[in-house]
Structures are given as structure tokens and as C-alpha cells.
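K.L.:
Here the protein sequences line up with chains A and B, keeping their order. Heads up: the first sequence begins at 1 in the working numbering, then just goes up one per residue. Heads up: the second sequence begins at 1 in the working numbering, then just goes up one per residue.
Possibly wrong hints are sitting among the right ones.
Said to hold, decoys possible - Covered, in the sense of this in silico footprint (three residues per stretch, anywhere, with C-beta under 8 Å from a C-beta of chain A), are these stretches of chain B:
1. 70-78
2. 99-109
3. 170-183
Unchecked claim - Listed below are the simulated DSSO-like cross-link pairs for lysine-lysine, each with C-alpha atoms no more than 30 Å apart in a straight line:
4. A:K38 <-> A:K356
5. B:K60 <-> A:K607
6. A:K607 <-> B:K61
7. A:K410 <-> A:K560
8. A:K587 <-> B:K60
Source of the hints: derived by calculation from the structure; they are not laboratory data. For each residue, glycine too, the CB sits at the ideal point set by N, CA and C.
Each chain is listed here by its residues.
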Amino acid sequence: MSVKKRIDRTLKKGLIIKGVCCWLVLALSAVASDGQNKIGDVSDGSLAVPVHVIGLLDGEGDKISPDIEPVLPFSTRQTCSACHSYEVISQGWHFNAADVNAVPGRKGQPWIFVDPGTCTQIPLSYRPWAGAFHPEKLGITTFKFTQLFGRQMPGGGPGELESDDPDDLVRQDVSGMLENNCLGCHNAAPGQDQAEYAGQVARQNFRWAAAAACEIASVKGAAVTQPDTYDPLMGDAIATTYRENTFDHEKKVSFNITRKVPDQRCYFCHSNIEVGGHGPEEWEADEDVHLAAGLTCVDCHRNGLDHNIVRGYEGEDAASQNPLAASTSCKGCHTQGRLGAPVPQHPGIPPVHFEKLTCTACHSGPWPEQMTYRGKTSRAHALGTHNSNKSADALPHILYPVFAQQSGGKIAPHKLIWPAFWASLKDENVTPIPLNLAKRAAGKVIGRRMLLPTGDWPALTAEHITKALTLLSSDESVEGEAVYICGGKLYGLDESGKLGEPQEHPAAQPYIWPIAHNVRPAAQSLGAHYCTDCHATDAPFFFGAVDVDSPLASGQDAAKEMVEFQDINSFYARAFAFSFVFRPWLKVVALGSCALIGVVLLLYGLKALACVVKALSQGN
Amino acid sequence: MFRIVSIIGFIVCFAGIGACCLVRPCKGCGWGGGQILGRLMCLFLLPFIKWRLSLLGILKKLVYWVALICFFLLLVTGFAQRLLLGEAISGYWLMLHATCAPVFAICLALLALMWAPRCVFRWGDWPRLEGLIRRVIRLEADAAEPAIEGFNLGQKITFWLIIVLALPLILSIVSSMFPLFGTHGQELLLDAHRYSALLLALAAIVHTYLMIRIQMKE
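The shape of chain B in the complex, shown without the other chains (with noise of 0.2 Å):
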């Protein structure tokens, strides 16, 4: 059933995402060698353009960095065996897995304190919703607020998401290693874990595919 469901979620994701790039492309976007080879720098160089490069910028960098890398390593090691084989992850993928899982958990914690403030959710956001609001509840019009630079609606609605579901991932896991649940109770946190490791993983990649398509933009 995971598997499926798994396969369907990616499919979805990815297909979203492909066709996002077809019918909203950015400007100077397309399928030349070279636009290609350009769109993998600026992820590459992601995490160093737009920040300062202070002792802090340099730190949100490398946590921003090491989650990527700690999120990929997960993703590949959580679902290739899964999806490809049927099989529960084992062996050197659960330890691989087990070894860059409480890195990614800090990363997660210094990422929820580091953006946070950056991803407060703003009038300026949604236009269309805020009207609606206003209109529903008749609220007078504030001084608009000054939109911050780079995190759109999708960003911070991905962002929370991503937070959101990192209690549930993390908690599912660590509660099964103590002697509280037997084998039903342990078998609903797997479930638990794996459900919400899903869910965490598309929204990280619509999150980072938002981030790239933001800087290509500018």
C-alpha cells in the first residue's frame, strides 16, 4: 500500500512540477545544453547567493547545505529499496539512513529558527485570499506590509509544511526505541513515520524547486 501510494505521490509531484516548468516558464528558461547546465549551478551555488557572507550568513549556508544534502541521502535511502525492491529498508541503507538521520534533525531545528521569521505568513502574500477575508469580515485595510525579499506564499506554505511534519517524523521513530509500544503500537509508528517522511519529502521538493525557480528568475 505504501508503495503505491509512495510511487503515486512522486509521480504526482514530479508531474506537477514538469508541468508548472511548461506552462509558467521562467524567463530565459529552456531545454538548451546550456539553460540546463545553468539551472544545476544555481542550485549548486544556491545556498551562497542572496545571503551575506558573515560568520552567521556563512552558518545558514552550511546548515542549509548539509540538510539538502542529509534530505537526499534520507530520500534515496528511505525509498529506493521500497519502491524498487518491495523491501524494508536493511543493511548498509538503514545505517547509512540511521547515520544521517539526527544530523538532519539539527539541520531541521537551526533551519525551523533560522527562517522562521522569514516565512511568517503576510497580508501581502495572497492577494485574492486577504480580499476575500477583508470582504468576509469586513476588516479596513492596513499600511501595507513590506514583502520579504525571496520567500513567496508557496515557499512558506512548503517551509511550515516541512516543520510541521518533522514532529511527527522525528517522534515516530525515536518513540518506537523505547520500551512503550508493543509490536501493534510499533507497527502504527512505522506507519506514522513513513506516511509523514512522504509527505515531508514532496513538500521538500516543491520547496526547493520554488527556491531554484526563484533565483532563476532573478
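Bound-form chain A, shown alone (with noise of 0.2 Å):
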């Protein structure tokens, strides 16, 4: 038999054999899509993690050996969706954000799109946070927000949808999906690397972003530079090499998987710093209070197979399916005793404070001061990725603690950002202008020279936006007035075409969500010290300067205070802050008088005594 024949036969057998494999695979996958719990779904009640000792299978649902060219990256949907129910875990917070059908819950962090070059810093979200967009109102496709924003993302949500435009259609071809990443949180190997991940995933290499963040393997090559025809099973532009001896002699690769999720894999996008003048370094600031006694995230951050994780809210048991969304939370530990809690005596606080509060706005996040601070997190500011911007004035400018009334009517700590974006107002809507538009027209006023290093705002001026407002009201594409939000102002052009007064507008407002951690200890609480931590004329909590942030120059160094967003009447808050001076005074006089009143009750309580046991002794 020829060479040619062998070689023929011997695909012709392969290609069955795949065949008969993918069947198999499709099959089972139909079964255990009918309901049934598969191998992985349901604890048998051993406290112990499964060996993951196990064969990696590509996007294709093919083995991967090294042996077989082109060795092509794992699909953690097809490895693991072997044992674990994928679809299931999908419907989890960390990967429902682009399901209309997801309880959004309470407001939370956005996405931030920022762009100095047009000064833009707006706030994103797939979930109908009010005060945040959605992303495709900016023109922003499924595609492009995996793109921005997947560095941080566990993964799938937004990365496996399809996207809209048939150019990123044509991409998403090259790029693959950006499947649900389950090493991110359950692989302990200290070799997980999830820079490399926001590495890979800034390079378009959806496909290859899980396994070229594993220990396992490394991807040389860049999905963003190869051309729309590039096909990844057959070229090798992209190339995963797996380390040495990662495959036994059964071509199976061993895992370090962890059910209890290291703190070091949340920190990767929840973490938070402190900037500016007064803000700590890392080293100097200290942990929260929980992880220093010796918690895990995970302890009050659980789940279970459907990954609906606790958030940790008051009321989240209201939006959440997930059975310890009540008893994880402040109330539901510290009432308890659960996991070691102390239960708090809160001695001299009057219970009204439990009504108006919540936990979090004595307990969490920084010791107020007078100024807010500027903090940087994970998520806004791409913090533990490759080549960040270390400036304390890189965009976007997230400020806090700013105590305001969350939706429930209980003051709590938030942080805040100032959306400054260019829009269109229509029947008093304000409806954002999609980037390549505002490009076109800010970004041409506004010109690179600029742009600062540092990532700050560039010098905007009432010039400007004049200019660019003008660009932009000529464009037949904007519908409605074209206009810009930065400060908590609109801004637009009167009839001469001059930039008019700035305006209140609702979608000038700021974007704020209640943060939680880092917890302070006990001693170190708002009221730990005396009433006055608060009740004071120039408490922080009350009187506190919010900046407000804005590109314009001349909005700068412009404040709100902090009672603006409380709901509370300035005056009142400061006339009954002001009476606390008097409230030694008051406890003195009241004391004094309950002493004379004692006097004077024991004086003529005696003598009524006198005056029976007189009657009684002349008794017969």
C-alpha cells in the first residue's frame, strides 16, 4: 500500500473516530441538559475536592494532546462541562450580566468607559442599574465590551453572545468566545496568572485566554493583528504550548482545583486603593477586619452549583434565590454568632441609628474626612494588569466615602463617579452619542497634544465644547440637541450658538454604589469614640466636602456637600448637630435635677414613715 493510502485510511479512521466521539459527547450533553445532575453537580458529602486529574478537550470538544498539531488551547466550556452542568453555573452573578432576565439586585460597580482624548468617563452596565448604560447605546458591541472590559471578567456573560455588527461577527470567528474562565477563581495553583489572562484578552485571544493564564500552558500571538480569514485550528500565528511533562502517560493533565476560592483570585478584580495626597500604600493600610481574623471571602460569599452568589446586602434575600443570602449577611453572622461573630451590645447608640443606617455606614470603608478621597479599583482602573496606570490621576476619578441614602432609605457609604459623556437631548432624554461620533467630533477639538501622561482629564474649556458641540450638532446623525454632561451639569449651545448656562439634569447626576469593605474593627467605627463623630458641625459624615469632578477647569475644585446626598435638610442637620454642644450640659442639669427631686422625695418619703410608725406605736 502507498504512503499517500496509509495516510488517506488513516485520516479516513480518525475522522470516524471523531465522529463517533462528538456523537457520543452531543448525546450525553442532551441527556444531562434534560435535567440530570451531572458526576461534578452534586456533593456526595465529602468535605475532600475530587483529584481533577483529566483530559483537557478543546473548543471543539476534541482531546488535546501534544502530539497532535495544531495543539490548540482547552475550552474550559467543553473540559469541565464533562462533569459540572456549564449552563447552570453560567446563570451565576459573575457571568448573568447580559441576561435580561438576571434580578439585577442592588446597584453595584459599573464598568467605567473612559476616554481622556474626548473626555469621557461613563458608567456601564448590562443590568438596568439606574444611572448606568448600556453599553450598545455607545455603540459598544458584545465584541468591543469583552475587548474593554473581559481583563476583569470571569468570563462568558457578554464574551459568549454573539455579537450584533457582521464585522465583529467576522472577528469573533478569529477571537473565539470568551468562555465562563472556572480557573480564575477554582485553580489554587500559584502559577494561575490572570494578568497574563487580561494580557491575552486585550490581544482578542478569547480562545486562548483561560489556558494561556493556567500553569499549563503559555500563547505566543495576537488574535487582533491576524486577518479576518485566519482560521485558529489550522494556522499557527497563535501558538499554545503546554509545559513540559504537563501530560501523563494517558495524555491527562493534573489540577489544583479548590472549591473554597483563594482570596487572591477576588483580588484580582475586587480589589480597592486609596490615591492621592493622603492615601496609603498598600502595605500601610490594613486589611479588613474579617480576612484578619482569619475569614475568606468564600466564607460569606458562597454558592452553590447555580454560582447565584451571596452579595452580602440587607434585603438581598428579596432579589436572591441563593438560601444564605439572609444569614451571610451583617445582621445574619453578628445576631447569630455564626463563624465566630461577636454580637455586637452597640452601648449608648440609640436604636433609631438601626433604622437609618446601615451596618456598613459606621463599620465600612475609610475613616471619613473632611474631603472625600480618590480610590482606585480593579475593575475601573485595570489594577493588576500588565503595564496599569500607576497615577494617582488616572481616569476614571472614583471618590469616596460618600454617605448617601441607598434605595432603601438607609444611609450607607458609596463610592461615586461624575459621568462626563456627549449625548443628545430629545424630549428631556438624554441618550448617549456613540463613541465613533464623539471621536469625531471631541476628539478632534479636544487633539492628543492634550492628553496627559498622567490619564487625567486634559485642560477642557467652555472653547471646547462650544466647538465640538457645534461638530456635533451639524452631524445629520445625532438626533435631538447635542449636548455634554460633566460636573453634574448639561451643558449645550443657546440659539446663537454659544455655550449656554449649565443645567440640572437627572443624567448629570452621579453614579454611586454602596461599597461594604474594608470593614473597621469595632474601636475604629463612626460613634466608637463619642456621639460627636458624627453629630458635629463639622462632622465628615454630615458636612464632608463631595468633590465634584469635572474635565471643564473652571468646574474644578467645586464641592457638594455631604448631606446634599442624604435626603436631610442642611440647616437641620447643622442645628442639630450644633445642640450636641449643650448635650453635657443638658445631662448635668437633668442629673442635678433628678438628685433635688430625689432629696426631696427621700425628705418627705421619711417623713411620712415617721408619721405611720408614730400612728402605729399609739395604736392599742
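Using the hints, build the complex out of the two chains.
P.N.:
In C-alpha cells form, the structure reads like this:
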């Protein structure tokens, strides 16, 4: 038999075997999707984590072998779903942002799109949170969103949705989908490199990101530089290399899988640091008291197979299906003494405080000062990724703590950003202008020379805004009146084409979201010293200054008072705080009066007793 | 619970006063416009009647007048929100309440000092009870003690009730301002303050009514 015929026969055999395997896999998946749990979905009760020595499957479901070219990255969807219901897991909180049926729950941190070149800083979310804009309103497709923010996403969600843009669809064929990265949380190996994951995502290597981030593989090349016709199954421009001795004799790989996610995994996406003049270095800041006490993130933030993780806020049980939503909140643990949580007595604190404030108001975030701090977060500032901007002034500018009234009526500490974006105003409704239009107009006016290496706002003037709005107004694709929102105000052109007076508008309101970490110990909570921690005429809780962040040079150095975010009359707050000056005197007067009354009662009581005694002694 | 108890308490108190007015009206009391005006004037001038206008007398009247005003303000600010809206006292009501409270406390202490001698219970206050006691313990009758003008048994009882209730009223709220009691204790102190305030208010209303009634009779 000739060599060629042998090769053909071998190929045919291989194809047949592959076909049978694919059919089996599909059949098994179909059976599983009929509601039957997979082997890894339900625990048998053993507290030990099963050892994961498993074969790797690529995106097509084929088993990966280092001997077979091309060497492909493993797919978490295919590999992990052999034993775990991937579709069920995808409904979890970390993955369901783009699911219109997912209950949004309490407002949270949005994704913040930043572009200093157009003076834009705008909160985005697929969840219908008030104040956050749907990415598609700015023309950001799911593909572009994944490239922008997939660095600190656990995969899935918009990363697995097909884009509506035909150009993106072609690119998605090259890049692949950003699947749920199970290893991003559950890989306990120290070699799990989420910074590498972020780098891969930035290069549009969605298909390769999970493999590149874990300790067993490395990936060279970038999908973003490949042509639309690049076939990842055939080409070698993006090469996956598995480290030596990764595969055993059965072509299986050993993963160090953990059920209890280490804090390091959470920190990559959920870190936070104060910046600026009074921001401490990381080593100077105290960690959350719960972590210092030995708890881990997942001791409170728990979930089952559905990955519907506990977010931990009061009232979450009304929005979440997680049965532990109520019992793993602050009250849930600290009234029951769970996990060794001390049961607080709160001596001297009137009960009305617990009706007006959340636990976090006194216990969470940094101790408030006269000015709000500026902070950076992982997701907003790409902390932990390669070449992240370490400047304290890098956009977005996040201010905190801002003590504001949240939706339930209680005051809680929040983080805040002042949105800045170009928009169109029609019938009092503000709609962000797609980014490409904003770039064409504002980007042209602002120019690269104005950009700062720190990533801070360029020095925007009224003239720049006027020119940009004029350009936008002449663009036919802009429906309604072109406006610019920044610093809590809405700017538009008047009839003469000049910049009008800034106006108030709901769309210009700051976006705020509650914070809960870091929790301070009881001795460092508000009120631990005296009532005047909050009830003083200069107390930051009510009278601290909240910076109004604005790219407009004339709008900088403006500030609002904290009380404006609390639905409390400023005069009343001041008068009430002033009354505490006299509180010690009130106590002295009251106790003195009581003493006098007590003496009178004692005196006349003894007299009455003497009468009674006298009467009784006189009786026969 | 407190709201219901308060409403019932005030209804019973005012109903009792109304019944007393109907069953045993004062001489010259009536429901004509002039007579109602007369009663209001009497109430207004109450502190200035019967006492000598010495410096001490003026001081006593002033203390009584201030106590009455403070009582009225504390009554309104303390009960209005609770009874009418079912809400706890808050806002400017709370500030006014906290401003009047120490003044009222001082006035109560001074009134206790100034009026205690007049309000000592004597044998002539309640003849029937006196007779009963004497029969029970076979006490020989002493020489009749001279009655003190203007203070009958009811006034004395309500006076001492007010003074006695002032202690838990003031101490409960002042104690809550020190870091002594936890949340449960704070709630108990607040309940103690509320209920002692209610009882004191009812006693003060009855006392004031009796004062007016005595003045009207004379």
C-alpha cells in the first residue's frame, strides 16, 4: 500500500472516530441538559475536593494531545462541562450580566468607559441599574465590550454572545468566545496568572485566554493582528504550548482545583486602594477585619452549583434565590454568632440609628475626612494587569466614601463618579452619543497634545465644548440637541451658538454604588469615640465635602456637601449637630434635677414613714 | 401598642374630666361664651392669683408658668407624631422636645421644693379614709390640723405622682445617653420614658384641671 493511501486511510479512521466521539459527547450533553445532574454537580458529602486529573478538550470537544498539531488551547466549556453543568453555572451572578432575565438586585460597581481624548468617563452596565448606560447605547458591541473589560471578567456573559455587528462576527471567528474561566477562581495553583489572562483578552485571544492564564500553558501571538480569514484550527500564528511534563501517559492533566476560592483570586477583580495625597500605600492600609480574623472572601460570599453568589447586602434575600442570602449578611452572622462573629451590644447608641443607617455606614470604608478620598478599583483602573497606569490621577476618578441614602432609605457609604460624556437631548431624555461620533467631533477638538501622561483630564475649556457641540450639531446622525454632561451639569448651545448656562439634569447626577469593604473593627467604627463622630457641625459624615470631578477647568474645585446626598435638610442637620454642644450640660442639668427631686422625695417619704410609725405605735 | 395605650389613656382622662364637669359643675360654670372665656382667663391668670407678689412669689409664679409652657410643648412634641402619624419623634419636633426637656426638669425640681410643704398629706384631706384608719388601728383623734388653702387631696395626689414619675422619666432618657446599655436596654429605657411620660402627662392634666376647678369655685 502506498504511503499516500495509508495516510488517507488513517485520516478517514480518525475522522470516523472523531465523529463517533462527537456524537457521544452531544448525546451525553443532551441527556444532561434534560435536567439530570452531572457527576460534579452534587457533592456526595465528602469535604475533600476530588482530584482533577482529567483530559483537556478543545473548543470542538476533541481531546488535546501535545503530539497532535496544531496544539489547541483547552476549552473550559468543553473540558469542565464533562462533569459540571456549564449552563447552570452560567446563570450565576458573575456570568449573567447580559441576561435580561437576571434580577439586577442592588446597584453595584459599573464598568467605566474612559477616554481622555474625548473627555469621557461614563458608567456602563448590562444590568438595568439606574444611572448606568447599556453599552450598546454607545455603540459598544458585546465583542468590543469583551475586549475592553474582559480583562477583569470571569468570562461568559457578553463574552459568549454573538455580536450584532457583522464585522465583529468575523472577528469572533478569529478570536473565539470568552468562555467562563473556571480556573480563574477555582485553580489554586500559584501559577494561575490573571494578569496574563487580561493581556490575552486585550489581544482578542478570547479562545486562548483561559489556557494562557493557567500554569500549564503559554500562548504566543495575537488575534487582533490576524486577518479576518485566519483559521485558528489550522494556523500557527497564535501558538499554544503546554509546558513539559504537563500530560501524563494517558494524556491527562492534573489541576489543583479548590472549592474554596482563595482570596487572591477575588482580589484580582475586587481590589481597591486610596490614592492621592493622603492615600496610604498598600502595606500601610489595614485589611478588612474579617480577613484579619481568618475568614476568607468565600466564607461570606457563598454559592452552590448555580454560582448565585451572596453579595451580602441587607434585603438581598428579596432579590436572590440563594438560601444563604439573609444569613450571611452582617446581621445574619452577627446576631447569630456564626463563624465566631461577635454579637454587638452597641452601648449608648439609640435604636433609631439602626433604622436610618446600614451597618456599613459606621463600620465600612475609610474613616471619613473633610474631603472625600479618591480611589482606584481593579475593574475601573485595570489594577494588577500589565502596564496598568499607576498615576493617582488616572481616570476614572472615583470618590469615596460618600454617605448617601440608598434605595431602601438607609444611609450607607458609597463610591461615586461624576459621569462625563457627549449626548443628545430630545424631549428631556439624554442619550449618549456613540463613541465613534464623539471621537470624530470631540476627539478632533481636544487633540492629542492636550492629553496628559498621567491619564488625567485634559484641560477642557468652554471653547472646546462649544466647538465640539457645534460639530456634533452639524452631524445628521445625532438626533436631538447635542449636549455635553460633566461635573453634574448639562451643557448645551444656546440659540446664538454659544455655550449656554449649565443646567441640572437627572442624567448628570453622579453614579453612586454602595461599598462594604474594608470593614473596620468596632473600636474604629463611627460613634466609637462619642456622638460627635457624626453629630458635630464639622463632622464629615454630614458636612464633609464631596468633590465635583469635572474635566472643565472652571468646574474644578467645586464641591457638594455630604448632606445633599442624604435627603436631609442642611440647616436641620447643622442645628441638630449644634445641639450636641449642649448635651453634656443637658446631662448635668437632668441629673441634678433628679438628685433634687430624689432628695425631696426621700425627705418627705421619711416624714411620711415617721407619721406611720408614730400612728402605729400609738394604736392599741 | 404604646400608641393605642396613649390614645385610650387620653380619652379616658378627658372623658373623666368631662364627666366630672357634668356631674359636679362649679358654681357659676356654664357653657355660655362668656363663661368659657372666663374659664380661659382664669387658666391664663392662674399663676398670678392667690400668691403674694413678693420676689419669691414672683419666682414661684414664673417657675409654674414656665413649667406649664414646657409641659405643653413637651406634650405636643412628644405625642403628636406618635399619636397622629404613628411615627417616632424626629426632626425639629425632637429638637424642640430636647430643648424644653432640661428646662422642664429644672422647673419640676423647683416646684418639688416649693410646693412639697403644701402638698403634705394631712388627716383632714380625706375624712372617710381617716375614719377608717382610726377605727382599724384604734387611733385616738388628734387635734384637727389646719387645712392648707387651695390644695385638696386630688391636687396633692397628682402633685406627688408627677414628682415621683419625674424620676423614671428623666433618668430613663439620660441613662440612654451614656454607653451603659446595649440595644435591648436602650429599647427598654425608651419604653420606660414613654410610659412614664404618658402617666405624668395624665397626672399633670388632672392636676391642672383641679387647679382650675378650685380657682373657679373661689
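K.L.:
Compare the distance between the alpha carbons of A:K38 and A:K356 with 30 Å, and conclude whether the hinted pair is satisfied.
P.N.:
violated, 47 Å
K.L.:
Is it true that the CA of B:K60 sits at most 30 Å from the CA of A:K607?
P.N.:
Between B:K60 and A:K607 the Cα gap is close to 24 Å, so the pair holds against 30 Å.
K.L.:
Report holds or violated for chain A covering the region 99-109 of chain B, Cβ cut-off 8 Å, minimum 3 residues.
P.N.:
Contact hint for the region 99-109 of chain B vs chain A: holds, 7 residues under 8 Å.
K.L.:
Taking only the CA atoms, is the gap from A:K587 to B:K60 under or equal to 30 Å?
P.N.:
holds, 24 Å
K.L.:
Given the hint that A:K410 pairs with A:K560, test it: the Cα-Cα distance must not exceed 30 Å.
P.N.:
holds, 20 Å
K.L.:
Do three or more residues from the region 70-78 of chain B put their C-beta atoms closer than 8 Å to C-beta atoms of chain A?
P.N.:
That given contact is violated, which follows from only 0 residues of the region 70-78 of chain B lying within Cβ reach (below 8 Å) of chain A.
K.L.:
For a C-alpha distance cap of 30 Å, please report whether A:K607 and B:K61 respect it.
P.N.:
holds, 27 Å
K.L.:
Within the region 170-183 of chain B, is the number of residues with a Cβ closer than 8 Å to a Cβ of chain A three or more?
P.N.:
Three-residue rule met by the region 170-183 of chain B, so holds; n is 12.
In summary, the structure is inconsistent with hints 1, 4 from the numbered list given earlier, while agreeing with the others.
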